[in-house]
Amino acid sequence: MARIKTLLKRSSILSMIGLVLVVTALVPAFTFGTAHAAGGMVTSRSLTMSSSTAGASGVTYSIAFTAASSYTFSSMVIDFCGDSPISGYATCLNTYAFSIGTPTVTAFDIGSVAITGTWAATQLNSNRTLVESCTASCPAVTSASNITLNITTVTNPNTINTTFYARIYTYVTNIGSSYTLASPGTIQDYGGLAMSTGNAITITSKVQEQLTMCIYLHSLSCATQSGAAISILLGDTHDVLSSAGPFVDNTTQMDVSTNALNAATVYLKGTTLTNGTQTINGMGNTAVVSAPTTSQFGICGWVSAGSSGTLAATYNSNTYCNTTTETAGTGATGGAGTTPATFGFGTNVNNGTTGDLFLTETAGTTTTFRLAFIANIAATQASGIYTSNLQFIGIGSY
Amino acid sequence: MYLMANKRIFIKVISLFTILLLLLSTSLIITNSSVNAVLAERSITVSDSEPSATNVDYNLSFNVDTGINLGSIVITFCQNTPLPNDVCNIPSGFNASGVQLSSQSGETGFTISGQSSINSIILSRTPSMTSGGLLTYDLSNITNPSTVDEYYARVYLYSSDSGTGNYVDFGGIALDITNSLGLSSEVPPFLELCAAQSIEGYDCSTGTSLYIDMGEFNYSRPVTSTSQFVVATNAIGGLIISVSGNTLTSGNNIIPAMSTLSASIPGVSQFGLNLAANTDPAVGQMPVGIGGVVAENNYDQPNQFIFIDGDTLANSPVDTGFQKFTMSYLVNISKDQAVGIYTTTLTLIGLANF
Numbered sequence: 004m005a006r007i008k009t010l011l012k013r014s015s016i017l018s019m020i021g022l023v024l025v026v027t028a029l030v031p032a033f034t035f036g037t038a039h040a041a042g043g044m045v046t047s048r049s050l051t052m053s054s055s056t057a058g059a060s061g062v063t064y065s066i067a068f069t070a071a072s073s074y075t076f077s078s079m080v081i082d083f084c085g086d087s088p089i090s091g092y093a094t095c096l097n098t099y100a101f102s103i104g105t106p107t108v109t110a111f112d113i114g115s116v117a118i119t120g121t122w123a124a125t126q127l128n129s130n131r132t133l134v135e136s137c138t139a140s141c142p143a144v145t146s147a148s149n150i151t152l153n154i155t156t157v158t159n160p161n162t163i164n165t166t167f168y169a170r171i172y173t174y175v176t177n178i179g180s181s182y183t184l185a186s187p188g189t190i191q192d193y194g195g196l197a198m199s200t201g202n203a204i205t206i207t208s209k210v211q212e213q214l215t216m217c218i219y220l221h222s223l224s225c226a227t228q229s230g231a232a233i234s235i236l237l238g239d240t241h242d243v244l245s246s247a248g249p250f251v252d253n254t255t256q257m258d259v260s261t262n263a264l265n266a267a268t269v270y271l272k273g274t275t276l277t278n279g280t281q282t283i284n285g286m287g288n289t290a291v292v293s294a295p296t297t298s299q300f301g302i303c304g305w306v307s308a309g310s311s312g313t314l315a316a317t318y319n320s321n322t323y324c325n326t327t328t329e330t331a332g333t334g335a336t337g338g339a340g341t342t343p344a345t346f347g348f349g350t351n352v353n354n355g356t357t358g359d360l361f362l363t364e365t366a367g368t369t370t371t372f373r374l375a376f377i378a379n380i381a382a383t384q385a386s387g388i389y390t391s392n393l394q395f396i397g398i399g400s401y
Numbered sequence: 164m165y166l167m168a169n170k171r172i173f174i175k176v177i178s179l180f181t182i183l184l185l186l187l188s189t190s191l192i193i194t195n196s197s198v199n200a201v202l203a204e205r206s207i208t209v210s211d212s213e214p215s216a217t218n219v220d221y222n223l224s225f226n227v228d229t230g231i232n233l234g235s236i237v238i239t240f241c242q243n244t245p246l247p248n249d250v251c252n253i254p255s256g257f258n259a260s261g262v263q264l265s266s267q268s269g270e271t272g273f274t275i276s277g278q279s280s281i282n283s284i285i286l287s288r289t290p291s292m293t294s295g296g297l298l299t300y301d302l303s304n305i306t307n308p309s310t311v312d313e314y315y316a317r318v319y320l321y322s323s324d325s326g327t328g329n330y331v332d333f334g335g336i337a338l339d340i341t342n343s344l345g346l347s348s349e350v351p352p353f354l355e356l357c358a359a360q361s362i363e364g365y366d367c368s369t370g371t372s373l374y375i376d377m378g379e380f381n382y383s384r385p386v387t388s389t390s391q392f393v394v395a396t397n398a399i400g401g402l403i404i405s406v407s408g409n410t411l412t413s414g415n416n417i418i419p420a421m422s423t424l425s426a427s428i429p430g431v432s433q434f435g436l437n438l439a440a441n442t443d444p445a446v447g448q449m450p451v452g453i454g455g456v457v458a459e460n461n462y463d464q465p466n467q468f469i470f471i472d473g474d475t476l477a478n479s480p481v482d483t484g485f486q487k488f489t490m491s492y493l494v495n496i497s498k499d500q501a502v503g504i505y506t507t508t509l510t511l512i513g514l515a516n517f
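Protein chains in written order, with our numbering: chain A, 4 to 401; chain B, 164 to 517.
Extracted from the complex, chain A is given alone in its bound form (with noise of 0.2 Å):
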């Protein structure tokens, strides 16, 4: 019986905070406790948490209203309160810790002007209630005049999802540390407000490592390339070279795209155009322009859209390969950039383990690469059919 009786008690408390609060929500806009004041409720009133985490510090309290009377304001109280907004409510709790600290305010302004006067923050009630006294040279305030100002100070109440509260008392007299929940002083005008400190939701989601790579014909779109192979016919329209100019295929591209922290790069990795034992001699890794009569094979690239892509020097030593013209399979000869571009094929593209380093890309947005090939012979280049196999090989560092 005495458990249940003393259940019945607690469900009367419960019963009681829980009227308490809807009160709370009805009741400033019209009720004053056992303070009186000569003004009126102040409007507009808010209160702006930078962080509302259950016992962070430092967390910035950011407090606008606008006064309800006129008058010459000489001082200000905000109190803050565990159980109630109500101006002159008998209690007012401060059960989790809450603290304006050693008050710093900032920011304090009528109409978004520096405040006029000599004011000076103290706390009263172990660093519950702040006091804003001015001294000298107080400011007159009208019903239309907006307040701010920032604590900077303040320690939330150490318990999640609670809710607490702010009362706003303004003096046309300095009230100085007389300030008591008892005797609050000859008010001019108040209001109250509700904050609360919320659960800390943290997000998680993963990134992960990215590297794309997509190789096609400009005429196509990397998906309906859709993997298959690209065979480039470097010749005539009977895919024939000859001594008598060089032959450019500009018709393939290459997408790439990373996230890798530290860059990734590409190699070209292959073998110059061979037939047998024959082969028309790659260009060097020096870029160097075409020259019909002499047999050679190179390549240059330009970016065609994005900008976290580089082509190696090889590749793009003067910049012009975006004035090649596509002449493969065309029946004319030619097509080496109206400023001829330099191409080039490194020593390294059928040498090294992975091939020569052909472009950079950092981590952003898409590159797009467009590649251009060229082929000339000398007459005497053997006779054959010349292939050649180039892979691209892509590294992200993370």
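A partial selection of chain B residues facing chain A, derived with a Cβ cut-off under 7 Å:
| hint | residue |
| --- | --- |
| 1 | Ser210 |
| 2 | Ser212 |
| 3 | Pro245 |
| 4 | Ile336 |
| 5 | Asn342 |
| 6 | Ser343 |
| 7 | Leu344 |
| 8 | Gly345 |
| 9 | Ser347 |
| 10 | Glu349 |
| 11 | Ala395 |
| 12 | Gly484 |
Note that these hints are calculated values from the structure, not bench results.
Note that the Cβ used here is the ideal one computed from N, Cα and C, for glycine as well.
Fit chain B to the given chain A structure using the hints.
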């Protein structure tokens, strides 16, 4: 009262269970949080990025901090994601079951563990503390995935030598399988041979008349004339230029061909030619050009002439650039050479060995 007592016991049991659950959760959180930083500057360099390529080298490198008790490194290849705790789908066609550790640097002493699988390579050693810095491991004899796509490697560092327990460091790496780019073109067989009375440079289109009028023969002095031919080929076996035809004839009368190498002898009927610059008589010039074609010995002697039907005039053992030869013709007649109009047709034959 009995119900109240049971309720109290029940509440206590629930409370105890809740506390145990919280403690267990805490320990799990602590366990997971023991995982250290992500491996820095990690990468894998592959020697071949083509689908299904075999015997591919995968060179793994990454930085490791000092003071980590390192007993094993696990490299797991997945199709779907590099994230350490997600399900790993084995890349289609990927096979590392025959992997070999070709070289290692930094932290060494590793061998391939027998616990390795088709997509997970375990490098194992007796656990020891790391010295920090760059580690590299060259893994060879791996078969690439069979599809053109992105795939991933997960690199785990363990203190145990078996790749078990909680990993102490981790890093993911993205790799790509791409199709190679195939280029092909054809260089056609090429043999250029043109002849004319004269040719500008090496341009066969500038050749002049194919008819040579040597004028009136005289027993007291040689009569000469010239023609030119240009030759080039890309035949890797080179070429042979030969001459075919008869000596000068007029009906049944002939001016005998010089069947042996001989100088000009006025008053003796003879017909011959060579490819040299002669002074007696003054006719002809040496070959010019960038090619490697050389005149045959019988035909490159100045002031020495010969003509044998089918003889090789010049040859090159390999492909050759353009070269121009001047053929010098010599005719002498005796006093009793029969009257008539003597003619011949000579044909140059080029035979390239492709």
